[in-house]
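Trainee: What follows is the residue order along each chain.
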Amino acid sequence: MSYPLVALPVAATPYADKVDGLFWAVTGVCAFVTLGIAFAITYFCFRYRSGAAADRTLPDLAAGKSRSRRIEATWIAVPFAFFLIFFAWGAQLYYVYDDPPGNALQVFVTAKQWMWKVEHSDGRREINELHVPVGEPVRLVMTSQDVIHDFYVPAFREKRDVLPGRYTVLWFKPTLTGVYPLRCDEFCGTGHSMMTGRVYVMSRDAYSRWLASGSEEPSLARLGFARFRELGCSGCHGPGSSIHAPSLAGLYGQMVPLADGSFVRFDDAYIRDSILQPARQIAAGYSNDMPPFAGRISEQDLLELTAYLRSLANTPPDVPQGNHLQ
Amino acid sequence: MTSGALRLIGIWLAVIVLLGVSLGTSYIPLGPFNSVISVTIAFVQALLVWTFFMRLRWSGLLVRLIAAAGLIWFLLLLGLSLTDYLTRHTVGS
Amino acid sequence: MSTVTAEPALPETESNYLANGYSLWSWLTTTDHKRIAILYAVTITAFFFIGGAAATLMRLELISPTPLIMGAETYNKLFTAHGVIMVWFFLIPSIPATLGNFLIPMMVGAKDVALPRVNLLSWYTFILGGAFVIVALISGGIDTGWTFYIPLSTRYSETQVVYGVIGVFVTGFSSILTGLNFIVTVHRLRAPGLTWFKLPLFVWAIYATSIILVLATPVLAMTLVLLAVQRVFGLGIFDAALGGDPVLFQHMFWFYSHPAVYIMVLPAMGVASEVITCFARKPVFGYRTMAYAIAAIAAFGFMVWGHHMFVAGQSLYASLVFSFLSYVVAIPSAIKVFNWTATLYKGSITFEAPMLYALGFVGLFLIGGLTGLYLASLALDANLSDTYFVVAHFHYIMVGGSVMAYFAGIHFWWPKITGRMYPESWSRLAAIVIFIGFNLTFFPQFILGLEGMPRRYFEYAPQFQFLNILSSAGASILAAGYVLPVLYLTWSIRHGSRAGGNPWGAKGLEWQTRSPPPVENFDVPPKIPQRPYDYDPQAEEAQRQ
Amino acid sequence: MSANAELAGRRANDSESEVGLWVFLASEVMFFGLLFYGYTITRMAHPQAFAIASAHTDVLLGSINALVIFTSSLTVALAARSLRIGAQRASVWLLAATLALGVLFLAIKCYEYYSDIDKHLVPWGDFALHGPLAGGERMFFFMYFVMTGAHAIHLTVGLGLLAFMLAGVARGVYTQKNSEAVELTALYWAVVDTVWIFLYPVLYLVHRS
Numbered sequence: 000m001s002y003p004l005v006a007l008p009v010a011a012t013p014y015a016d017k018v019d020g021l022f023w024a025v026t027g028v029c030a031f032v033t034l035g036i037a038f039a040i041t042y043f044c045f046r047y048r049s050g051a052a053a054d055r056t057l058p059d060l061a062a063g064k065s066r067s068r069r070i071e072a073t074w075i076a077v078p079f080a081f082f083l084i085f086f087a088w089g090a091q092l093y094y095v096y097d098d099p100p101g102n103a104l105q106v107f108v109t110a111k112q113w114m115w116k117v118e119h120s121d122g123r124r125e126i127n128e129l130h131v132p133v134g135e136p137v138r139l140v141m142t143s144q145d146v147i148h149d150f151y152v153p154a155f156r157e158k159r160d161v162l163p164g165r166y167t168v169l170w171f172k173p174t175l176t177g178v179y180p181l182r183c184d185e186f187c188g189t190g191h192s193m194m195t196g197r198v199y200v201m202s203r204d205a206y207s208r209w210l211a212s213g214s215e216e217p218s219l220a221r222l223g224f225a226r227f228r229e230l231g232c233s234g235c236h237g238p239g240s241s242i243h244a245p246s247l248a249g250l251y252g253q254m255v256p257l258a259d260g261s262f263v264r265f266d267d268a269y270i271r272d273s274i275l276q277p278a279r280q281i282a283a284g285y286s287n288d289m290p291p292f293a294g295r296i297s298e299q300d301l302l303e304l305t306a307y308l309r310s311l312a313n314t315p316p317d318v319p320q321g322n323h324l325q
Numbered sequence: 000m001t002s003g004a005l006r007l008i009g010i011w012l013a014v015i016v017l018l019g020v021s022l023g024t025s026y027i028p029l030g031p032f033n034s035v036i037s038v039t040i041a042f043v044q045a046l047l048v049w050t051f052f053m054r055l056r057w058s059g060l061l062v063r064l065i066a067a068a069g070l071i072w073f074l075l076l077l078g079l080s081l082t083d084y085l086t087r088h089t090v091g092s
Numbered sequence: 000m001s002t003v004t005a006e007p008a009l010p011e012t013e014s015n016y017l018a019n020g021y022s023l024w025s026w027l028t029t030t031d032h033k034r035i036a037i038l039y040a041v042t043i044t045a046f047f048f049i050g051g052a053a054a055t056l057m058r059l060e061l062i063s064p065t066p067l068i069m070g071a072e073t074y075n076k077l078f079t080a081h082g083v084i085m086v087w088f089f090l091i092p093s094i095p096a097t098l099g100n101f102l103i104p105m106m107v108g109a110k111d112v113a114l115p116r117v118n119l120l121s122w123y124t125f126i127l128g129g130a131f132v133i134v135a136l137i138s139g140g141i142d143t144g145w146t147f148y149i150p151l152s153t154r155y156s157e158t159q160v161v162y163g164v165i166g167v168f169v170t171g172f173s174s175i176l177t178g179l180n181f182i183v184t185v186h187r188l189r190a191p192g193l194t195w196f197k198l199p200l201f202v203w204a205i206y207a208t209s210i211i212l213v214l215a216t217p218v219l220a221m222t223l224v225l226l227a228v229q230r231v232f233g234l235g236i237f238d239a240a241l242g243g244d245p246v247l248f249q250h251m252f253w254f255y256s257h258p259a260v261y262i263m264v265l266p267a268m269g270v271a272s273e274v275i276t277c278f279a280r281k282p283v284f285g286y287r288t289m290a291y292a293i294a295a296i297a298a299f300g301f302m303v304w305g306h307h308m309f310v311a312g313q314s315l316y317a318s319l320v321f322s323f324l325s326y327v328v329a330i331p332s333a334i335k336v337f338n339w340t341a342t343l344y345k346g347s348i349t350f351e352a353p354m355l356y357a358l359g360f361v362g363l364f365l366i367g368g369l370t371g372l373y374l375a376s377l378a379l380d381a382n383l384s385d386t387y388f389v390v391a392h393f394h395y396i397m398v399g400g401s402v403m404a405y406f407a408g409i410h411f412w413w414p415k416i417t418g419r420m421y422p423e424s425w426s427r428l429a430a431i432v433i434f435i436g437f438n439l440t441f442f443p444q445f446i447l448g449l450e451g452m453p454r455r456y457f458e459y460a461p462q463f464q465f466l467n468i469l470s471s472a473g474a475s476i477l478a479a480g481y482v483l484p485v486l487y488l489t490w491s492i493r494h495g496s497r498a499g500g501n502p503w504g505a506k507g508l509e510w511q512t513r514s515p516p517p518v519e520n521f522d523v524p525p526k527i528p529q530r531p532y533d534y535d536p537q538a539e540e541a542q543r544q
Numbered sequence: 000m001s002a003n004a005e006l007a008g009r010r011a012n013d014s015e016s017e018v019g020l021w022v023f024l025a026s027e028v029m030f031f032g033l034l035f036y037g038y039t040i041t042r043m044a045h046p047q048a049f050a051i052a053s054a055h056t057d058v059l060l061g062s063i064n065a066l067v068i069f070t071s072s073l074t075v076a077l078a079a080r081s082l083r084i085g086a087q088r089a090s091v092w093l094l095a096a097t098l099a100l101g102v103l104f105l106a107i108k109c110y111e112y113y114s115d116i117d118k119h120l121v122p123w124g125d126f127a128l129h130g131p132l133a134g135g136e137r138m139f140f141f142m143y144f145v146m147t148g149a150h151a152i153h154l155t156v157g158l159g160l161l162a163f164m165l166a167g168v169a170r171g172v173y174t175q176k177n178s179e180a181v182e183l184t185a186l187y188w189a190v191v192d193t194v195w196i197f198l199y200p201v202l203y204l205v206h207r208s
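Residue numbers (numbering that gives the first Met the number 0), protein chains in the order written: chain A, 0 to 325; chain B, 0 to 92; chain C, 0 to 544; chain D, 0 to 208.
One thing to keep in mind: the hints can contain errors.
[What the hints assert, rightly or not] Some chain D residues flagged as far from chain C (calculated, every beta-carbon gap over 10 Å):
1. I40
2. A54
3. I63
4. G85
5. V91
6. D125
7. G130
8. T155
[Stated by the list, open to error] Just the calculated beta-carbon pair ranges, DEER-fashion:
9. B:V35 to A:A72: 42 to 52 Å
10. B:L60 to D:T155: 30 to 40 Å
11. C:S424 to A:L175: 55 to 65 Å
Don't read these hints as lab results, they were simulated from the structure. Since this is a predicted model, take the numbers as computed values, not measurements. In this text, a Cβ means the ideal position worked out from N, Cα and C, and glycines have one as well.
Isolated chain A (complex conformation) (with noise of 0.2 Å):
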């Protein structure tokens, strides 16, 4: 197998298009400037070498003063305006693309030393491996097992740090099929370099046989769902159950306020958190008796937990919870 000397990766999203023409503009600038600055130097290193006829007269002292303060006044304005520029547009692409749109396909991301393991919403699992449609936005939810470690795909041009004890959040919408290297970008033990994989942007069509050709493997929500009353939860969370606690249907996505007086929006963080440790965000109106499940809850769980709320999103509270799987 041959490859090129030196190439880039392709820009397989429109975000890293964007990435990219910010790219060759600053290096339009810097480059303008480490040829300007290698030229002046060197012209006057040879036109004012020792011995070389040459005009050497300054200016007096008061008038190079007042010269020297307007020379030297240009170049901290000329730089700052580029600056300027630099950082809005780097943090307008930035800023703009932080925010997933809403119908993204949620996809969960748990990394452990040293391997991606992936979770579709429709309970397909994946190692290393990220089957993802062509042109459609893809959100991933992600978490840590042990150390950090960082979902890096060049194709796309961002990355971001995959953390224990906590959700992070990398979303893009692949418009050009292929297959795009996975790495890992943040230093996480021995087999760091060897933590890599492959994203796979289908056409749908291809998507589709993908999906269907999955074993059948029940979706995480059911698996969530199961969950939910093995643990439990559906004792007090639970249509009809005695017990004062909030109902957790159609919750999703919605702000709750505290106890505090404080608004919290209901996600993926919160129900993690919500969990965990529940004493620490109490829901308006409800007292803390939930036992913390810190500790005593895999990560795994977890997700399936928090797929079983996702998908409650659009169920009126009080219908029968879990009918709307079937």
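Given the coordinates of chain A, work out where chains B, C and D should sit on it, guided by the hints.
Mentor: The following block gives chains B, C and D in isolation, referenced to the frame of chain A:
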């Protein structure tokens, strides 16, 4: 007893009284203001100690600047970190 | 160039600091800042070659995308050793503790630093810290990277993290003591009439560096204590299992480690200002602006640490603030490059080895600084952070910048320190070899980063091999370049021709005394010049005619 | 006499050692500052846990120790002052008092540690608090031990310096004309005191009402 020594003893009394106030108010339920009061009192106590016991009142500008530097840099560390910690859960994920 | 013979020849027997006792004991108990500088120089040179050996082995391994001469664990230990040693045991003490120690008292016209015994204590602390790190290396090494990220360093690594951390902790005190000494020296021991704006920029730079050393190092020290306690006892405030925040460690670590970059590069800027003015025979362009720029870099350098954490889980708003501040700190650095260039204008330039190194410094620092603009940008950093682009960027700053300037300084003040000249042609050759080798080693790494090769990769995709081989080839040239000065400088100590008090015709106070200087630095009090860098290119040319 | 002494004490140009010591103290502020920073950030994430855990500290012993160490910083300031105005005997007694108060502080602190261990408040190991917020409570006690531990180490170093100064003043090594070492020791001791000024409210008084 000279007036200088008396002044130091007066400062000491003030620090001790503030200690009592700090301890006393902490038993009155004021919510978050309990901590605001006790930490503010701590700053006043520290200011008294540094000004009089550590003689900053009679020190030159240089020493005063150095004394302030530690505090300023600490606030820099805390302040800029808060841009992260105060906004972490309100945006993005 | 005024020549050696312009000085009256000094009698061989005249006392100087080198002749003030020859026993090992006389060196180990000295409180003479010049001798302590040499103790430091010898020690950090040893560390430089240990760290360099680690780098050589890494570059050798990276010739192949698959394992070649070692396993992944060994490789990880090598880059950790390389990072820890080069950062804390070479770069941080390099210019401040050697050239700074030697020159600061002389540049301010003093007999010694303000607290000579504290100065010696600083060196012993350094040795003690170094010993811990050596023990850590011998007893199995550390595999966390020099950044010691949690929880890898606290729970998952099975290597000698605690020894390494203790070593860095102890060395921190040597930094604090050195910085403290310089601050007091510059404030209290300046010769009468030597006001702040008559000081050489080197003194400004070391002074600003000292402020960073004193205020940032304790933060690192305590952070490492928290790390060690968490590792030893199994839990702590960075522990995600308890609801703690591993990213908090990164805030603490970078609050020190970003300013630490300025600890490395500010003194380098100081050296460049001394050398370029001397060999261009011109006062530095915009002296006051240069001085303020140094102060601004030191101050703003404390406010940009979050740009190491754009993709680490830091909030978006924090990243926006840190991105903006990072662009702000780039301004004074840009000013300095422009002003050095302008200093050459209408000079009377000669190209001795120190000047070659200093010009090399300006060029490489320029590239290192400009590539920093990419990493300060949120969108670009999200692609490039933790790739080889970053590796190349900071090597351009730390090796291309700091090490080049360190060599410039060593060559510039070598005649003052030893009283001997080194062979001119060899030294110029070494400067050129290092410049070429450096660029060949590190420029390909920018492209590797753009291609998507993460740093700290033991194995890599075959498409990266060509650039890696190029980089390794460059590294072998660079290694040869670094060995050359050791050879000819060592040779010159015995065989070099005698240097007079001022072989370069330079204007700093340190050049007003003999070479090597007497124990108390000056036989007669030095004359304070009307202004710093009082060079005159026209007079220089006229004298040549 | 007194006015003259104050005048003599007014130093527009502080000595090299004194400037050096102040720089060191600024460094110490950052040293402890980092701990307070870690404490603050962690407490912001776990306010209730810190409140509950703090209630398990011994506020009586903490307050007595505050009284003890605040008093010791008065005695050491007076000791330095006495030496400065030539009252060598008074200085010796005041230094001895400071030393005694420092030892008393350490003794109380050791007793407190002992009872903390007895109450299973050591966060690593068999931790007494099992409630829903145990994680945050462990982190509170982690910071409690690290912060008071770092303070106790500084205090122990201070005791050594004080003993040295006491012997020096008693033997006439440090006198009115040569009082700097004593003055610097007093400065260092006052910083150790200052650290406790801040440790006291953040460790003992978080939630008492």
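Trainee: Now tell me, hint by hint, if it's right for this structure.
Mentor: Each hint, compared with the structure:
Residue placement check: I40 of chain D does not keep its beta carbon more than 10 Å from all beta carbons of chain C (closest about 6 Å). Listed as a non-interface residue, A54 of chain D keeps its Cβ farther than 10 Å from every Cβ of chain C; the least gap is roughly 19 Å. Listed as a non-interface residue, I63 of chain D keeps its Cβ farther than 10 Å from every Cβ of chain C; the least gap is roughly 27 Å. No Cβ of chain C comes within 10 Å of the Cβ of G85 of chain D; the nearest lies about 27 Å off, and the non-interface call holds.
Taking the minimum C-beta to C-beta distance to chain C, about 27 Å, the non-interface status of V91 of chain D holds against the 10 Å cut. Every beta carbon of chain C lies more than 10 Å from that of D125 of chain D, the smallest distance being close to 13 Å; the non-interface claim holds. Listed as a non-interface residue, G130 of chain D keeps its Cβ farther than 10 Å from every Cβ of chain C; the least gap is roughly 13 Å. Chain C leaves T155 of chain D outside its interface by the beta-carbon criterion, the shortest separation being 16 Å against a cut-off of 10 Å.
A C-beta distance of roughly 46 Å is found between V35 of chain B and A72 of chain A, which places it inside the suggested range of 42 to 52 Å. Here the CB-CB span from L60 of chain B to T155 of chain D is close to 34 Å, well matched to the stated 30 to 40 Å. About 56 Å separates the C-beta atoms of S424 of chain C and L175 of chain A, a value consistent with the hinted range of 55 to 65 Å.
In the structure shown, a violation is registered for the earlier hint numbered 1 alone.
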